[in-house]
Amino acid sequence: MAPYESDDAVGAARDDNPRSGRRKAARYGVPVAVVGVAAATIGLVPALADSGDPDLPRISAEQLIEKIAKSDVQQLSGTVKVSTDLGLPDLGGLEEGLLSGAGEDGSGDGSSADPQAKLTELVSGTHTLRVAADGPDRQKLSLLERGAEYSLIHDGKDVWGYDSKSNEVYHSTTAGSGKDHRAEPPATPKDFADEALKAVDDTTSVTVDGTAQVAGRDAYKLLIQPRQSGTTVGAISIAVDAKTGMPLKFTLTPKSGGAAVLDAGFTQVSFAKPAASTFDFTPPKGAKVTEEKDAAPRHTPKHGEDFAQGFEGKDGPKVLGEGWTSVATFDTGAEGGLPTGSQGGDLGGFLGSLGEQVDGKFGKGTVFSTRLVNALITDDGKVYAGAVTKEALVKAAEAGK
Amino acid sequence: MSRADVREAGAGRRPNPLWALGLLRSELVTTVRRWRTLALLGVLAAVPVLVGVAVRIETRGGGSVGGGSGEGPAFITQITNNGLFLVFTALAATLPFFLPMTVGVVAGDAIAGEAGGGTLRYLLVAPAGRTRLLLTKYATVLAFCLLATLVVAVSALIVGALLFPLGELTTISGTRISFAEGLGRALLIALVVAASLVGVAALGLFVSTLTNSGIAAMATTVGLLITVQIVDQIPQLHAVQPYLFSHYWLSFADLMREPVYWDDLVKNLGLQGLYAAVFGSAAWARFTAKDISV
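Respectively, the protein sequence lines represent chains Z and U.
Using our numbering, the final residue of the first sequence is 401, and nothing's skipped along the way.
Using our numbering, the final residue of the second sequence is 695, and nothing's skipped along the way.
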């Protein structure tokens, strides 16, 4: 047999030689070995690359917070990975309407390049963002999508939103939209850290929890834990760059344990000045441009700040209680309680099935639970929301009535 | 079609190193001259024409593609800005299925087709050795990957230039690059797309060594391709998805970001290399140990 075999030594070409059969079988060891080496590489390289916690001089929590406050990083570019796991079913833009309590859904009449419509996507799943900044006037935030990208570019007085998937452009000028218009939505670890540090008061324990390597840089880990009971927040861990004092990673774990509710961290960061062309934007030919003043007026709380409201309730809604157990409340004005709006009928029953009916001094209502935020929507249209347990939420709603 | 008409070159006992090149050349010519191959390339060349004409008709009144909803293959909405985007759209449209299917047909036929046609034993009479024959076959399949990708890209470039404006183009990050740089990126993308098919080519070659029926090998390869594509869509199977050869295919779009986002591109090329190593060596183990009786 095998008279055409010419690749091997003489002995191997003879099938009647019992040793050659074994030798031929041994050839299958090559692909098996390749698979083994690959598996070992995939398994071991991250472990080896994790070269242990860096040795940094000891620092107190106060010093570290001061370091963050003093941090003045003007120029940076980097890649941020944001994972959110609120424990919600994947509802796309709907959950945002549900969280903010207002019935308006971003995809209605506005442009798909509208930042408010776009950044609702950050509420669930894992996303890769790119950030670049050069001083206070030039920033860029890009949301990397499969085969497309959404960019928000702030250059001087112009704010451009460009959605490459639909080829639509959104334009507004900072001069015309009021001082509190944020060019940058909160998406970077620094934004989250700033919000979290605002909540630091006597209801909070702050400690330095060792060191870590984040995006190849040495960092201190700041651990923030609520002292109050009744909150759903377990702990917040912030990795702070030892050199610049910039937060590099932000992790929020719920009290119930499990995966982090919010994990935002740089996977790559550079403090060099980004190329000037990064912030240049001219709407491409044929793109549909929506000017801010053309877009339908909105009165929803800013998207993306719902996280902040969770532990803070900054603007708009009234805040009940203090510290970690504070509950934000506002009146949607919508009779019937649920944020149905135009999506009404078919959604009503669906939303009801997601929540849990409760009674109290506030009347009847529905509690929607996530792993972090619980929201109570009463039948007369009031919304109570906070990073508190269901019991604490009902108690706050009864007290607030 | 005679596949064994080229073996006169290897007459000496010691094979001339150039002989392998001669074998490769004859394999390439045989593959490209086959009617089946020409038909596949024709189908590939027709895809950009279809896409380009459809977009042209839809946007004739000044509207945007798909009503601006962003449906369809990547980059499709930008074609109206710049014809060069038709290259990227066409590659994004053909990469999930058409391109790997044609590669599966050519790779599946590589060994099994010769065995089925009874020409494999004649090929092996020549003193090239099985390893070298297998390498030549694989090189031919890889050359076809590149050829097929370039056919799509060039056809798309011609259609795009005829139907749409060219010039400076906007990357998906919103920055502008010159047309020359855009062309450079288009070429780079075509190379990356061709490299994305390396894994499926190795898989097809391995399947081809398992059977003596060319049709069975092609069907198995294309069937595996479809299965993998389906598995890649099932969210519950996300744990295995990063190891599927098709998982990072669309990462070529990252070359149109500014700056280029390399993470997934590198993962894609590494994964293709891994598939080539595993299934290439498996094909070698099978082919060099196989009884060639037909």
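Warning: the hint list may mix true and false statements.
Claimed, not checked - Calculated cross-link-like contacts (lysine-lysine; reagent style DSS-like; alpha-carbon spacing at most 25 Å):
1. K255/Z - K273/Z
2. K81/Z - K273/Z
3. K668/U - K81/Z
4. K24/Z - K691/U
5. K24/Z - K67/Z
6. K273/Z - K318/Z
Source of the hints: derived by calculation from the structure; they are not laboratory data.
Hint by hint, here is what the structure shows:
1. Restraint check for K255/Z and K273/Z: the C-alpha separation of about 40 Å exceeds 25 Å, so the hint is violated.
2. Of the pairs offered as hints, the one joining K81/Z and K273/Z holds, with about 21 Å between alpha carbons and a cut-off of 25 Å not exceeded.
3. Proximity of K668/U to K81/Z is assessed by CA-CA distance (about 17 Å); at most 25 Å being required, the pair is judged to hold.
4. Taken as a hint, the K24/Z and K691/U pair is honoured in the structure, with Cα atoms around 9 Å apart against an allowance of 25 Å.
5. Distance restraint check for K24/Z and K67/Z: the Cα-Cα separation of roughly 65 Å exceeds the 25 Å cut-off, and the hinted pair is therefore not satisfied.
6. The straight-line distance between the Cα atoms of K273/Z and K318/Z is roughly 41 Å, outside the 25 Å bound, and the hint therefore fails.
The structure is inconsistent with the numbered hints 1, 5 and 6, although it conforms to all the rest.
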